[in-house]
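> Protein chains in written order, with our numbering: chain A, 1 to 306; chain B, 1 to 248; chain C, 1 to 368.
Incorrect hints may appear among the rest.
Far from chain B, some chain A residues (derived; all Cβ distances over 12 Å) [said to hold, decoys possible]:
{"#": "1", "residue": "K32"}
{"#": "2", "residue": "Y75"}
{"#": "3", "residue": "Q102"}
{"#": "4", "residue": "T110"}
{"#": "5", "residue": "H117"}
{"#": "6", "residue": "Q124"}
{"#": "7", "residue": "G220"}
{"#": "8", "residue": "N281"}
Lysine-lysine pairs mimicking DSSO-like chemistry, simulated, CA-CA at most 27 Å apart [claimed, not checked]:
{"#": "9", "chain 1": "A", "residue 1": "K16", "chain 2": "B", "residue 2": "K132"}
{"#": "10", "chain 1": "A", "residue 1": "K14", "chain 2": "B", "residue 2": "K133"}
{"#": "11", "chain 1": "A", "residue 1": "K77", "chain 2": "A", "residue 2": "K32"}
{"#": "12", "chain 1": "B", "residue 1": "K3", "chain 2": "A", "residue 2": "K283"}
{"#": "13", "chain 1": "C", "residue 1": "K364", "chain 2": "A", "residue 2": "K80"}
{"#": "14", "chain 1": "B", "residue 1": "K117", "chain 2": "A", "residue 2": "K246"}
{"#": "15", "chain 1": "A", "residue 1": "K173", "chain 2": "A", "residue 2": "K154"}
{"#": "16", "chain 1": "A", "residue 1": "K16", "chain 2": "B", "residue 2": "K133"}
{"#": "17", "chain 1": "A", "residue 1": "K247", "chain 2": "A", "residue 2": "K227"}
In silico contact screen, one side only, chain C against chain A (beta carbon under 10 Å); selected entries [to be verified]:
{"#": "18", "residue": "K9"}
{"#": "19", "residue": "S210"}
{"#": "20", "residue": "R366"}
{"#": "21", "residue": "L367"}
None of these hints come from the bench; they were simulated from the model.
Bear in mind that the values here come from a model prediction, so they are computed numbers and not experimental data.
Where is the CB? At the ideal position from N, CA and C, for every residue including glycine.
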Amino acid sequence: MESIIVENICKTFKVKKNRIDALKSISFKVEKGEVFGLIGPDGSGKTSLFRILTTLLLADSGRASIEGYDVVKNYKKIRKLVGYMPGRFSLYQDLSVEENLQFFASIFNTSIQENYHLVKEIYQQIEPFKTRRAGQLSGGMKQKLALSCALIHKPAVLFLDEPTTGVDAVSRKEFWEMLQRLKTEGIPILVSTPYMDEAALCDRVALIQKGEILSINKPGGIIAGFKKSLWAAKATEMYDLMNAIKKEPDVESCYPFGQYHHITFKTTGTEKSILQQIISNGKYTGVEIHPIQPNIEDCFMALMKE
Amino acid sequence: MEKTSVITAEKLTKKFGAFTAVDSISFEVKKGEIFGFLGANGAGKTTAMRMLCGLSIPTSGQATVAGFDVYKQTEQIKRRIGYMSQKFSLYEDLTVYENIQFYAGIYGLSDDRIKEKSSQLIRQLQLQGQEKKLVRSLPLGWKQKLAFSIAIIHDPAIVFLDEPTGGVDPITRREFWTLIYEASSRGITVFVTTHYMDEAEYCNRVCIMVDGRIEALDVPANLMVNYAAQSMDGVFLKLARKAVRTAD
Amino acid sequence: MKQFFIFIKKECLHIWRDGRTLTILICMPIVQIILYGFALTNEVKNCKIAVFDQSKDMATMAITSEIAASRYFSLMNNVYSYQEIESSFRQGKIRIAVVFPNGFRNDLLHTNHAQIQLIADASDPNTANLLINYATAIINDYQQMLNNSQQLPYTIKTQVRMLYNPELKGAYNFVPGVMALVLMLVCTMMTSIAIVREKEMGTMEVILVSPLKPFRIILAKTIPYLIVSILNIASILFLSVFVLGVPIMGNLLLLIAESILFTATSLSFGILISNTAKTQQVAMFTSMMSFFLPTLLFSGFLFPIENMPYPLQIISNIVPSKWYYIIVKEIMIKGLGFGAVWKETLILVMMTLVLLGISIRQFKIRLE
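Modelling step: build the complete structure from the supplied sequences, incorporating the hints.
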């Protein structure tokens, strides 16, 4: 059962004399009870897409529906049943935790008590601070409060726009754990994030770059779709190594990936020998070479270049 | 051959009233090193960096940057360092070339040097033909690379980078780090703070701050072994969970 | 309904917790009323006058002492030559000079004909005229006093009654004008910022994606400021009566009711601005610039509207403060009742409804 249907959505912004194509014919579907991730860097179009789906922006062309309601014609209905958490959390800074939650419950004509079971696990973590002003909370606590406010009216669909940006690593991890538990309620969740490693925590992901979808699949499927062979190499002299590898004609790409460089080749079968040749041509210490499985980031970068 | 230390800190402390933002940290950074400074917001990273940049006087402890004392010689320090942060941006309504001219001028380069450096920079970043474009019209990744290049246009001994790679696509991020590698190979020491744990792995050494104190300081590979983690992310999580201070 | 009330409650909490803004909102009217009330006056008081007395007799002394006693004039030292008069004018030491010729009293008594010369600094013609008039009045009084002992043929005695404001206090004219000005400014500014702030903070996005209807958002944002305005009205009236000495001749409740109506009009203007302004700064700037000057010029308390060119008179009709100024004068100064102001009241009501209607219509239900 599809909860969110997006068909060929296009959106262009005109800023002074420039035309910015924010979204170029985006299409995808989200099922009930699915955690669907929209993965892409800043400027890829995630926020524009979210705003179109939550009826805050009109697309230039294309269609979209939420729970069967068209985002243009039935926007009033959609606004009643969607839970929306925009970037930067949009809480009232000078109202307390409790007051924020009460407010968001009331404007949806419900009360905190009615749906408390939905937010209980999350809210309990910030309940000791319920009289504190929202502006004085840490990033992680704001995140939990914003999520509670989005959930408190028992939405049929949840839209979370970059909920983990600007939040410390521990809270990020906890947040995704909370999302997994929400799945059991059957609420479909559309999440956007610039962090590639969070893709693995979704049921399905759409990789988006410059307004275009590069790929839609389960995380495992995306990795399986990486057709090239991928090797990792390291040495104490990382910079020199990288330059040497890049000069090699058979090498397609060589990118730093922290402790190792990730290298893709144009041909298969000769990777190891090529790398060994490069190593012996120079003066390197602490060398390590081995093939590796790609992660989402490798896939994203390969797709970007296509 | 022992490389010289460009930054030394000994029991460096900063207190704001009763609140100790930075609690007696000690470390050394060698010339040409890429030194990573990790920690949650509120852990004290920015405060520590400010003291090293000569922007904030410590409460107690010692530190020298490029051989100059952080208490008494802040002006000399400022002349020998470069700085770039996510918040600090170039002037959006000036062109690429105008920005280069402006900052090079502030850093005290002569007109000839400015010309020389500008063309070098533009070639290196492959911005030929874009010199007259307003910075505003450049994609985020280009802006960041340009900002970094400008931050080191005067060949400083050390460049301080405060969360420089927020939000850009993975390829641009890596191109940025390639610039950092290149600077490091030229002998410029890079002191960088970041949220991205995998970027911690680019660093020669990494220092993790929790609640104002240094909880770990080592080569990334060693840290991963010591904390039995697959990645720096894992190391950081193990350390950060101990944090008492809630960040903002 | 509960939705509506909780929104009002939220707005009240915002106002209450923003201590700095709240202080400004409540203190600004008070400060302005006092400042303008005392500073703005088209009366001329204590103007420096010099006397060149070439006669120094009983008559000149009598007139001089009348001048000195008058609250309009402040007598400088006597001068002794025309050059001194000229240099005093040039140095700005005096605004007006009186010259008595030699043998003034003799002339007056024996030839029934005496001359006095009045010299005024007409670089400000209005003030110069006033001063000449005051001085002439004093001289005529003296003449009157002399004449009272004689019977003159064909005397027309003009009896003057200054209605509503016998002492000709400038405050009676200015205070209603300042009330209009201050209320308009503060109210427009308050609401113009209120909506824009939500846009800037990002919370507007979230409340748009909710069942809240636009007109409820607008009303809920206006009502708390109405309450603050009532406080302001009370303080302004209090100051007007007890500090500036302007009595309330008419019905106090009617005055308060009309004031509340006027604040509603001003608040609606603010909402209109906030629909189009993108940042709080623009909102504040627009409400100050586009309302301060027109209100000052076109409400009629500084410059009479009847004296303006016809097209400007028409423009003045759309400035709400013009109508409020009339209403306040009728009620406060003349002590009239609703019957005298029903037309102006109706105009204000219509304006408020139209403004609110446009604001609601124009309210952006989307973000673009």
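> With reference to the structure, classify each hint as holding or not holding.
How the hints compare with the structure:
1. K32: Holds, because the least Cβ-Cβ distance between K32 (chain A) and chain B comes to about 31 Å, which exceeds 12 Å.
2. Y75: The assertion about Y75 (chain A) holds, with a minimum of 30 Å to chain B.
3. Q102: Q102 (chain A) is indeed farther than 12 Å from all Cβ atoms of chain B, at 23 Å.
4. T110: With a cut-off of 12 Å, T110 (chain A) remains clear of chain B, as the shortest Cβ separation is near 30 Å.
5. H117: holds (27 Å)
6. Q124: About 16 Å separates Q124 (chain A) from the closest Cβ of chain B, which puts it past 12 Å; holds.
7. G220: holds (18 Å)
8. N281: holds (18 Å)
9. A:K16 to B:K132: Holds - the C-alpha atoms of K132 (chain B) and K16 (chain A) are around 18 Å apart, at most 27 Å.
10. A:K14 to B:K133: holds (18 Å)
11. A:K77 to A:K32: Between K77 (chain A) and K32 (chain A) the Cα gap is close to 18 Å, so the pair holds against 27 Å.
12. B:K3 to A:K283: Status holds; Cα separation ~19 Å.
13. C:K364 to A:K80: Distance ~18 Å between K364 (chain C) and K80 (chain A) Cα, so the pair holds.
14. B:K117 to A:K246: holds (26 Å)
15. A:K173 to A:K154: holds (24 Å)
16. A:K16 to B:K133: Holds, because 15 Å separates the two Cα atoms, which is no more than 27 Å.
17. A:K247 to A:K227: holds (23 Å)
18. K9: Hint holds; K9 (chain C) Cβ to chain A Cβ min 8 Å, cut 10 Å.
19. S210: At 5 Å from the nearest chain A Cβ, S210 (chain C) passes the 10 Å test, so the hint holds.
20. R366: Holds. Min distance 6 Å.
21. L367: Holds - the Cβ of L367 (chain C) comes within 10 Å of chain A, reaching about 5 Å at its closest.
Going through the hint list in order, the structure satisfies each hint without exception.
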